[in-house]
Amino acid sequence: MGPKSIRLSDSNDLEQFTEDLKQTFGSMPDLIFRSAGSSMIVYIAGIVDLQRIEREIIEPLSTQQKTEEVTVKTPSIEQTADYQKTVQALLSGMAAVAICGEEKVILANVAAIPHRNVTKPETETVVHGPREGFVEYIETNIALIRRILNSEKLRMKKWNLGSVTQTEVRLAYLDGVAPNELVSEISNRISSVRLKGIIDSNYLTEHIKDRPLSIFPTIQTTERPDVVADALLKGKVAIIVNNSPFALILPVTFWNDFQSIEDYYLLYSSATFLRVIRAIYIISALFLPSLYVAITTFHVEMIPTELLLSIAVSREPSPFPALVEALIMESVFEALREAIVRLPNMLGQAVSVLGALVIGQAIVQAGIVSVPIIIVVSITGIASLMIPRYEMTFAIRILRILLLLLAGTFGLFGITLGLFFTQTYLTGISSAGMPYMTPIAPVSLKGLKDFLNRKPFERK
Amino acid sequence: MKGLSSWQLYGLMLLFQLGTNVVFGIASPAKQDAWITAGISLILGMVLLWMYSMLYGTHANTNWSGLLSFAFGRYIGAILSVGYVFIFIYSAARNLRDLGELTNNFLLQMTPMWFVMVIFQCLVTYVCYAGVQRLGKLAELNVPIIIFLFLLQIILLVASGTMRLSLLTPVAAEWKPIFTTVFPASLTVPYAEVFAFAAFWSTTMPPKGFRKIAILSAATAGLMFMVLDILAVSTLGPEVFSRSFFPLMTTFQMVNIADFIQDLDPFIVTNYMTSVLFKTSIFTYAACAMISDQWKMNHLRAAVIPVSIIVCLFAIYMADNLSSHLFTGHQWAVWVIFLPFFVVLPMLALLTIKLKSKLQYSPSKGDG
Numbered sequence: 001m002g003p004k005s006i007r008l009s010d011s012n013d014l015e016q017f018t019e020d021l022k023q024t025f026g027s028m029p030d031l032i033f034r035s036a037g038s039s040m041i042v043y044i045a046g047i048v049d050l051q052r053i054e055r056e057i058i059e060p061l062s063t064q065q066k067t068e069e070v071t072v073k074t075p076s077i078e079q080t081a082d083y084q085k086t087v088q089a090l091l092s093g094m095a096a097v098a099i100c101g102e103e104k105v106i107l108a109n110v111a112a113i114p115h116r117n118v119t120k121p122e123t124e125t126v127v128h129g130p131r132e133g134f135v136e137y138i139e140t141n142i143a144l145i146r147r148i149l150n151s152e153k154l155r156m157k158k159w160n161l162g163s164v165t166q167t168e169v170r171l172a173y174l175d176g177v178a179p180n181e182l183v184s185e186i187s188n189r190i191s192s193v194r195l196k197g198i199i200d201s202n203y204l205t206e207h208i209k210d211r212p213l214s215i216f217p218t219i220q221t222t223e224r225p226d227v228v229a230d231a232l233l234k235g236k237v238a239i240i241v242n243n244s245p246f247a248l249i250l251p252v253t254f255w256n257d258f259q260s261i262e263d264y265y266l267l268y269s270s271a272t273f274l275r276v277i278r279a280i281y282i283i284s285a286l287f288l289p290s291l292y293v294a295i296t297t298f299h300v301e302m303i304p305t306e307l308l309l310s311i312a313v314s315r316e317p318s319p320f321p322a323l324v325e326a327l328i329m330e331s332v333f334e335a336l337r338e339a340i341v342r343l344p345n346m347l348g349q350a351v352s353v354l355g356a357l358v359i360g361q362a363i364v365q366a367g368i369v370s371v372p373i374i375i376v377v378s379i380t381g382i383a384s385l386m387i388p389r390y391e392m393t394f395a396i397r398i399l400r401i402l403l404l405l406l407a408g409t410f411g412l413f414g415i416t417l418g419l420f421f422t423q424t425y426l427t428g429i430s431s432a433g434m435p436y437m438t439p440i441a442p443v444s445l446k447g448l449k450d451f452l453n454r455k456p457f458e459r460k
Numbered sequence: 461m462k463g464l465s466s467w468q469l470y471g472l473m474l475l476f477q478l479g480t481n482v483v484f485g486i487a488s489p490a491k492q493d494a495w496i497t498a499g500i501s502l503i504l505g506m507v508l509l510w511m512y513s514m515l516y517g518t519h520a521n522t523n524w525s526g527l528l529s530f531a532f533g534r535y536i537g538a539i540l541s542v543g544y545v546f547i548f549i550y551s552a553a554r555n556l557r558d559l560g561e562l563t564n565n566f567l568l569q570m571t572p573m574w575f576v577m578v579i580f581q582c583l584v585t586y587v588c589y590a591g592v593q594r595l596g597k598l599a600e601l602n603v604p605i606i607i608f609l610f611l612l613q614i615i616l617l618v619a620s621g622t623m624r625l626s627l628l629t630p631v632a633a634e635w636k637p638i639f640t641t642v643f644p645a646s647l648t649v650p651y652a653e654v655f656a657f658a659a660f661w662s663t664t665m666p667p668k669g670f671r672k673i674a675i676l677s678a679a680t681a682g683l684m685f686m687v688l689d690i691l692a693v694s695t696l697g698p699e700v701f702s703r704s705f706f707p708l709m710t711t712f713q714m715v716n717i718a719d720f721i722q723d724l725d726p727f728i729v730t731n732y733m734t735s736v737l738f739k740t741s742i743f744t745y746a747a748c749a750m751i752s753d754q755w756k757m758n759h760l761r762a763a764v765i766p767v768s769i770i771v772c773l774f775a776i777y778m779a780d781n782l783s784s785h786l787f788t789g790h791q792w793a794v795w796v797i798f799l800p801f802f803v804v805l806p807m808l809a810l811l812t813i814k815l816k817s818k819l820q821y822s823p824s825k826g827d828g
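Top to bottom, those sequences are chains W and Y.
Residue numbers 1 to 460, in my numbering, belong to the letters of the first sequence in order.
Residue numbers 461 to 828, in my numbering, belong to the letters of the second sequence in order.
These aren't lab readings, by the way, just hints derived from the structure by calculation.
It is possible that some hints are incorrect.
A few chain W residues facing chain Y, derived, Cβ under 7 angstroms [said to hold, decoys possible]:
1. Glu132
2. Gly411
3. Thr416
4. Thr422
5. Phe451
Pairwise CB distance ranges (calculated) [what the hints assert, rightly or not]:
6. Y:Phe705 with W:Ser352: 37 to 43 angstroms
7. W:Lys449 with Y:Leu773: 29 to 35 angstroms
8. W:Ser269 with Y:Met514: 47 to 53 angstroms
9. W:Ile340 with Y:Leu611: 41 to 47 angstroms
10. W:Pro179 with Y:Ser783: 57 to 63 angstroms
11. W:Leu357 with Y:Ile605: 52 to 58 angstroms
Note that CB positions come from ideal geometry on N, CA and C, so glycine has one too.
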């Protein structure tokens, strides 16, 4: 693929260089060659700023005398004689200036790659606090982080990963705050990634996770620059991938997934209150359907008589056992959830009408499922929406179904069994070397200060 | 720094000692003086644990199978090691059977007991496979829950207003049942059983820390037993208390708050499952550790599955019904297994090792 180095001693060589490029790019129509004076300018249309090329390169070149040193007015330039590097530079939006009689080309950065403007984050909304989210363009994302972390200690390492896509990946950390072993460990993991293409940060997640097949998210994804900055301040590292508005943070603990960044934007008392409420509902998101099934199927004696009577009355028309009812409702709820994510915006009304009417009322009136299970599944649904991290909701939802099946077959015994299997599994996984259940197992008193309670900020 | 933190070992030992006693109660034959019995056996138990830690202190990097060959020579040591493997397997099986009986009685009347036990042993296998470090972490996760539930049970029971402290009198009218219950039953279960840790103690903590933690955890467990005994006797009365299969279970069935919170036995059994999980896992793990030490295996994981299968078979075929199972436990196992293997032999070993180290500088070859 083309020569190794570039030779431009006379006009024949210039001709050869043009031919080589045309060969390499397969006579791509947006590869543009323009000559100005004795030099030639190459760039790819669409990802460069044409006005800048006109003003900063062509104008000075055409007014220059032969004897003068060739100069272009672009602030960011570099010189190279490497052919492959020139090709890469062209692809990333640079213009190559080839001058007859020189042994190298000038690469001028006039990139104007189209990207979205900074908008509100869609997945992690807060009532109080910053409202900027990451975009798909890595330069913007890093600028957003730099604006918060105004420190020379903010360091970055850079890779271009993906044998085809050459996606830019950066590892950000605070020097002196993040442990060196962590940085080198993560660097090693990133360096060992072998992929054809990286479209989103999740491509990396599955490669650098401690246990790639675990259903628990041991890497946090976020689209908020303030979350990244907060994590960096706590000595974690962040991975920012070009083309993805989601940065990766690690290490992360199991409990981190139930804490929201907003906890730090509220008064400590409000935040603690919120965390307790969240904990209660997340526990019910996991257990409520299985407890209901276990108790109504196996341990009826636990229910107070009057409550038992009213449950029995409302369950009377339904032909299915509690487990089947619960599974039907769970699957309908999951289907609604997925449909609402996928549907075109203008159909939203239709789905909510269908959902509320058909599932809320008709299914009961038809005697297919009973009212209590609808209440249980609705509370569970609301509760699972309270989990601050989207990734974690999946782990909880999958576990919920498994526990439901265990509860339907073994009652409370099954739930306890499932719980212990999960616990044992959780004690064994780690995130970038940090045990996933810290600060509970292993206990760390320092970690417990900011666990279910949000400790007040330190005063000096 | 060895494998476990002190909090992890504490949790592990506490849950181990709570074990089945959370439902069976401790020292129920002593009737209204059960709590005194619990107190006395706690003190004796702490002495016993002190002795274990001294034994551990003689060779801080050696587990029980190594100590056995130090004390009694290679061949007798090896034979005794094999004996201990079976003792640990039997103890694990007893606990598994306890769980099976209880589940059959209170949770799943229709499910065959062997099936419950096999499934539970699968969990135990997984836990043992994970190893002692993760077992410690698991204990850390569960100790707060168990202590919370313990307090909750007490509050609920007291709030139900079924307790009459007058049932505790006369206090210590007869000392004979107190002492016959202390020795051997209440001493061996649960304190002497802590000897299971000897099979892998060099992977837990250094001897000094081990001693402190063992005694601290015994104290916690002993105090909990005393509280539970007082609650049970003052709720049920001494007669029912001493005759019931599951005195504490019966006690908590009395919980009734405003006709709304009642019949908590499924939750008690769930609570109990936690401590039995730890007890069965530690016994199973101890058996595997003995095997891997004795035959110098690289990793004890290879032993876990065969041992688990034997535990299951023992548990299924060890008794015909609950009465015979409990009878064997209270009358036979205590004298034949727990006392000689968990109390007498360790004492002998300690004496021999101490004597040998005294005689070290006057070499007399062939005495080992």
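Now the hints, each set against the structure:
Because the smallest distance between the Cβ of W:Glu132 and any Cβ of chain Y comes to about 38 angstroms, over 7 angstroms, the interface hint for this residue is violated. Here the hint on W:Gly411 is kept, as its CB sits about 6 angstroms from the closest CB of chain Y, short of 7 angstroms. At its closest, the beta carbon of W:Thr416 sits 5 angstroms from a beta carbon of chain Y; the interface hint therefore holds under the 7 angstroms criterion. For W:Thr422, the interface hint is violated, since its Cβ never comes within 7 angstroms of a Cβ in chain Y; the closest pair sits about 10 angstroms apart.
For W:Phe451, the interface hint is violated, the least distance from its beta-carbon to any beta-carbon of chain Y being 12 angstroms, above 7 angstroms. The hinted range of 37 to 43 angstroms is not satisfied by Y:Phe705 and W:Ser352, whose Cβ atoms lie roughly 56 angstroms apart. Our hint of 29 to 35 angstroms for W:Lys449 and Y:Leu773 is violated, since their Cβ atoms are close to 49 angstroms apart. A hinted range of 47 to 53 angstroms holds for the C-beta pair W:Ser269 and Y:Met514, which are about 51 angstroms apart.
W:Ile340 and Y:Leu611 have their C-beta atoms about 43 angstroms apart, which keeps the hinted 41 to 47 angstroms range intact. Between W:Pro179 and Y:Ser783 the Cβ separation comes to about 60 angstroms, which falls inside the hinted range of 57 to 63 angstroms. Roughly 42 angstroms separates the CB atoms of W:Leu357 and Y:Ile605, a value that falls outside the hinted 52 to 58 angstroms.
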